Each structure stands twice: as structure tokens, then as C-alpha cells.
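If you read the protein sequences in the order shown, they are chains A and B.
Numbered as in this note's numbering, the first sequence ends at 1324 without a single skipped number.
Numbered as in this note's numbering, the second sequence ends at 188 without a single skipped number.
Since the hints were derived computationally from the structure, they do not count as laboratory data.
No incorrect hints appear here.
From chain A, some residues computed to sit far from chain B (all C-beta separations above 10 Å):
| hint | residue |
| --- | --- |
| 1 | 1094 |
| 2 | 1115 |
| 3 | 1134 |
| 4 | 1143 |
| 5 | 1210 |
| 6 | 1217 |
| 7 | 1228 |
| 8 | 1238 |
| 9 | 1250 |
| 10 | 1257 |
| 11 | 1276 |
| 12 | 1290 |
| 13 | 1294 |
| 14 | 1300 |
Distance condition first, Cα-Cα at most 25 Å in a straight line; then the derived DMTMM-like pairs of lysine to aspartate or glutamate:
| hint | chain 1 | residue 1 | chain 2 | residue 2 |
| --- | --- | --- | --- | --- |
| 15 | A | 1094 | A | 1210 |
| 16 | A | 1190 | B | 169 |
| 17 | A | 1190 | B | 71 |
| 18 | A | 1190 | B | 162 |
| 19 | A | 1190 | B | 160 |
| 20 | A | 1190 | B | 47 |
| 21 | A | 1190 | B | 57 |
The model shown is predicted, which means the values in this text are computed figures rather than measured ones.
Even glycine gets a Cβ: it sits at the ideal position worked out from N, Cα and C.
Spelled out from the first residue to the last, the chains are:
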Amino acid sequence: MRVIVRLFVLLALLVYVEAAQAQLTTAIAPGRIEKLVKAGSKAADVVTLTNEGDLPIQVSLSMVDFDVTEAGEVLELPPGMHPSSITPYFRISPLETMVAPGERALFRFEVATPEEFTQLRAFLYFESVPQPPDSMQKQVVFATAMGIPVYAENRKAERGALEVHDIQWQRTGESQEYLQLQATVTNVGERNIRPDGLLSVLAEGGAYSEMFTVNPTADVVLPGHRRVLTWQFGPVPPEALALELRLETSMRESYKGNYRIPKAEVAPASGS
Amino acid sequence: MRSFLCLVILAGLLTCTRSASAQRSADLALGVTANNRGGFACSLDQAAFTFGNVDAAGTDFGTAGVVADGRNGADDGATYTAASVATWTCSTAPVGVISFALASSGGDHTGTMPMDALAVQLPAVGLGASTGYQPFSSAASLMTGVVIGNGAGAASGDVDLRLAVLDGDPPGANTWLVRITATAIP
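So that you can see chain A by itself, here it is in the shape it has in the complex:
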């Protein structure tokens, strides 16, 4: 009897530990919805959510409008508040569903665009609340909500195009081993633009030569918005540097500039 009791206690402990180790993992595809449509027409697609965790999750959907400040801060607004809100024209189903571990849920959506528009947008959130078993008595339970941007743009709207107002360079980092580019731009088009570019860095004397991709995270500049875009490159050597920047400002045009960065000023080490 004593052996059976010990085994039961051991099994109970194992179950408790396993429940405590439960993982909450969700994967959404696509990570961004962008539809180029004819005004007055519909676009439809599917978003998939996969429960890669250990517990069933209750998934519920919601939408919020958003805007972006000059500094790149995202401001969320209640749905339908912003003039560019896509929410009056967007339908998705189901709005709630339970997804078992290892299972995938399909959310079908349709955008019925109005006759006149240039860009409609919003954030679509997928909230996942785990359903722990009764044996998992915890005080704090975690739920995750993953938000993806949704855009619908008019085919006939003007493509995004950047006006470059200012370019600033500075060295950053403890040893000034990084280069920071701050570009002030305005998207004078009617659609999003995610500027590509290349930066060539050459050290005086030619011992160092490197090419960097500008905007590797595909930061977007919304139509009609002024933005201060900041990118960091490096590490780069402390010698004086010659830079050649090429930033795509539209489908056909690029901004080009040549710059010289002085030698890094590194503070002398204090004597012991």
C-alpha cells in the first residue's frame, strides 16, 4: 500500500510539473495584409493561425485604427475613428474560435472597397487565451494578442514617393563604432512606400570597404506622412569615412548623396 501511495504522489507531481511547463505559441500567416484593388471592388483572402503550444486556446479577433507619428510611434484609435479606417469595409470570420494544440484555424476575410478611396488601413489583432486544465491552479495566466497591419490601396492611387528634406549622420556606440543615419522624408504619394537603399562605406586609405542595406526592416512611410527614419550601420572603423548613399524615393528615382564622416573621437583611457 505504501508503494502504491508513493507512486500516486509521484504521478501527481509529474502531472503538475507538466502543466506548469505548458507553452503558449501561436503563428499567423501572412504577417501583413496588403491588397491592391480597383475602387468599388472586393478582395478576399485567408489568414491562418496555428496553435503550436501545449494548451487549447480561445482565439478572438478585434480591429483598431492606427496612425504613425513623425518619430515613428504608432498611435492606436478605436475602430472607425480614423478617416482611413478600413473597418467599415472589412469582414472576417469567424470572430471567435477554439483552436486545439497542433491545429490550424482559417479566418476568411473580404474587403469591399468604396468607389472613392486611396488607402484604407487598420490593425487586426488575434488574441489567444490559454485554457489551462483545472489541475493547473495558477494566480497569473498569460494571454497573447498578435497584431498585424491590414492595408487596401487603390490601383489608381499615385504610388508612394519620397521627398528627402534632411540627412544627418553621427557615430554612436560606446566606442563610436556604429553609424547612425537620420533621414527626414515625406511621402507625397497616395500609397505606402518602403524605401530600399544601399550605403557604401569606405575608410580613408581603403583598408575598409563595406556595403549596407538601408531599411532592412522595410519601415513604411504612410501616404501624406512626414517621418524621421533612423537606421544604424556597422560596426565601422574609427578612421575618417567616405559614404555613398542611395535611397529609392520612387519606382524610378533615387536620392543619392556623398558624405564624409570625420575620424572618431575616442576618449583617452584614464591612467591607473
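Keeping the supplied structure of chain A fixed, place chain B upon it in accordance with the hints.
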């Protein structure tokens, strides 16, 4: 006669051979398309956590991972801190920037203590900027500017919790549902 037959057979073989070497070849083309939809995934390695027993005197009840900070003064209770209660991991394809925020509200708390007795922190990761501990219902930003990719480019970080127990808090069980949003910068 035999010679004539041999000649016919030989002529037939030659014709057959010539026909075999006169095959035409046709170029085959296979059109292939692929729609890369990208993806966005986030995980927490722990779905839940418990502080166990707590009190306003800051008694250490021995709950794993919980540190009692003792009383804060004569009559304003004690603080319990649990660092790294969970590890978050996010990945995106293509590379993107993620921000995290709290999204809990009053309906996500039950019990005798004020809901904002619980505070949540995401320590900074990489280039991300942490805002420190934020009250449970504040809907505050937790961290911004985390650059993440896929595979080796995925980012991970910790979730820290802090619980303040006041002298005036009635005893009893409490639960919180901590909602954390992970938003892909547009």
C-alpha cells in the same frame, strides 16, 4: 532469292534505323508560381505562474522563483518579485520591428487585492527600449523597437512580475489574466 531477301531485310533495318534517328524533340516548359505569405509567430514558454502565499509582512513562504522584499515601511505592506517567470520568443518573415504592450483590464482580475497590485516588465532586448514595470491595467507600452527576423534572427526576452501587498488588502485568493500584445510595426 536468298540474296534478294537479305537485301530487303537489310534495307528494312536501315529504314528503321533512319526513322529512329529522325525523332523530333520538343521543349517542355513548366510554369511555377509561389505566393510567399510571410509569417509572424510569438510564444511564451509558460502559460501561467503563481506567487503562492503572500502577506503584507513580506514573509518568505518559499515559493520557487518568488523573492520577498520585506516591508516597505511601518504600514504600507511588502513587495514580492518574480523575475523571468516566462520567456517570450517572436519571429517574423520578412524582418520587422515589434512592440509590446499590456492590454488587460478590470475584467481580467478577480480577488481581494487591487488589480494594479500586480505589475509587469519586459527587460530590454537588443535595440528594444523597455519601459520598466507597468501596472496591470495601465494598457502601457512594455517595450518598443525590437528588431526580429526568422530562425536565428528571432528575438527572445523575459517577463518579470512584481506584486505589492498592502496592509489594508483583505486576505483571499486573487487571479490575474495578463494580456500582452505583440504588434508588428506597420
